[in-house]
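Visitor: Based on the provided sequences and hints, a complete structural model is requested.
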Amino acid sequence: LIRGRIEMKLKGKVHKFGNNINTDEIIPARYLNTSDPEELAEHCMEDADRKFAQKVQEGDIMVAGENFGCGSSREHAPIAIKAAGVSCVIAKSFSRIFYRNAINIGLPIFTSREAVDNLKKGDKAEVDVNRGKIRKAGRKTTYNSEVFPDFIKDIIKGGGLMASAKKRRK
Amino acid sequence: MGRTISEKILLSHAIGVKDIAPGDFIRAGVDLCMGNDITSPIAIKEFRELGRKKVFNQNRIILVPDHFSPAKDMKSANQAAILKNFAKEFGITNYFEIGQMGIEHALVPERGLVLPGDLMIGADSHTCTHGALGAFATGVGSTDLAYAMAFGECWFRVPETIKIVFTGKTRKWVGGKDLILHAIADLGVSGALYRSLEFAGDTIGDLPMDDRFTMCNMAIEAGAKNGIIEPDKITEQYVKAAVRKYKPPRKAFKKVRSDKDAVYAEVREYNVSKLEPVVAAPHLPSNGKPVSEFRDVKVDQVVIGSCTNGRISDLKQAAAVLRNRKISPDTRLVVLPATQAVYKEAIAAGYIEVIVKAGGVLCTPNCGPCLGGHMGILSDGEVAVSTTNRNFVGRMGHPKSSVYLANPAIAAASAVKGKIAHPAEL
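Quick note, the sequences are listed as chains E and W, same order.
For what it's worth, this note's numbering labels the leading residue of the first sequence as 1, then goes sequentially.
For what it's worth, this note's numbering labels the leading residue of the second sequence as 1001, then goes sequentially.
Don't read these hints as lab results, they were simulated from the structure.
These numbers come from a predicted model, not from an experiment.
Covered stretches of chain E, as calculated for chain W (at least 3 residues, CB under 8 Å): (1) 15-26; (2) 31-45; (3) 62-76; (4) 95-109; (5) 159-166.
Ideal placement from N, C-alpha and C gives every residue a C-beta, glycine not left out.
Guide: Put into structure tokens, the structure is as follows:
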């Protein structure tokens, strides 16, 4: 729906969230009577932070605690985040359906405890997508993120699950 | 080295590998893939962009417009129409219109469409429900559904398994809902993240199918990939009756069981003989405590229904509590049978009459207010007791409303008292 090439160096302002941010907070079900990315983006994070959709700027980075994206399987959640302009999500852990949805639609996600512990609201952060390295802008200290298994890397490199599907004959 | 039931089912469906171990990434053929009126429109768009003329198998795709049906507004009507048109165009046999329809996770087992030993994916997080039949069933997203509709395949990470053993005979008014809320309170909402939850023990052996569905349904609330119960005589009876009644395209199934020397990431044991009914306080399903700890909580609305607790035995329990009683004048009671068949059975058994006479209202079989869709949305500050599965912030309406999760008997008793209550208090 909203793919395209992922930038390899991301830079943006940090928006910080807590543990167990669920898909009802990311995109409440009252807006699920559409799957239009622009419309979903207008309500992104509405029940966690009412003003998020107005505040967020192109390239900004979401940073959250444990179990990000828990709850429903709605792909509308990563779609809303991506369409709102968020360049990537860094969390201590991700719920499994959100994890696979983000990979499948090409929303970059990073699992890094130290980055989450050290990044504060309003910080400028930089992410090297290929190496999974995260740091505060202008600082030397880098925080590592979990390396994606090769299987997942191949999906990401291929441009998402459906890009590989388009090449497949049978 | 032995394998768990989950590992065995994944291995028997895996493509291009002879062995698997937890942590491996595999491709596997799926027996069934399913979507609803929220998730399928995205999947159908993705599928259409592939330009394929056929789906992988017309009998193995299930489309159920169960979330906002009958359509709550124009946009929802458009979403549902996408499913209907797609099903017609591609000859998908398992599309269900209202009138025969029900909530996907109650409807599909009821019709004998999912069988023990199956590998099933669904673009709905509560697809884990079907594991109650000894199938490996897990929730995925719309893109996964699109891919599966085209190729009959999906990618998986083979999960480690946590085995939960329940022992002891449960007390009156304690059922599957209480067992699973008890387990989630112990595990936490991410305690089983990426893992399989296998429920076992003599308590489970005595548990009717409806309660087993309730338990596997909420495996996701502990973060699990799937919930699963080894098939036994109760499973077999249920499946055979469904197959006889609805004559689905497949009848033969394999009863897969975990090996004696299967390796588990963890084993937890709960003796539940003294367990009280459990209520999960706002705003996480892991906030479960004995019902007696919630004596003074006033209740504006009670919801009985959903893929968790909208089956016939749930309505039977509610009716048993409501018989010859009236609900509190300050409380609304909204009841949604999970499927049309459950609705008809409840009418025949007299449960619906009891509920309506008590002052409750019936809504058509669908997800309704569970996810804040329609048919019972909460206002600012309102409190609900609900037999559903999630009590996140804003789940059933206003971000400042709150939801307590409970079993149908507690829900019904709370409707009568206007406060959270145990049936024994009435």
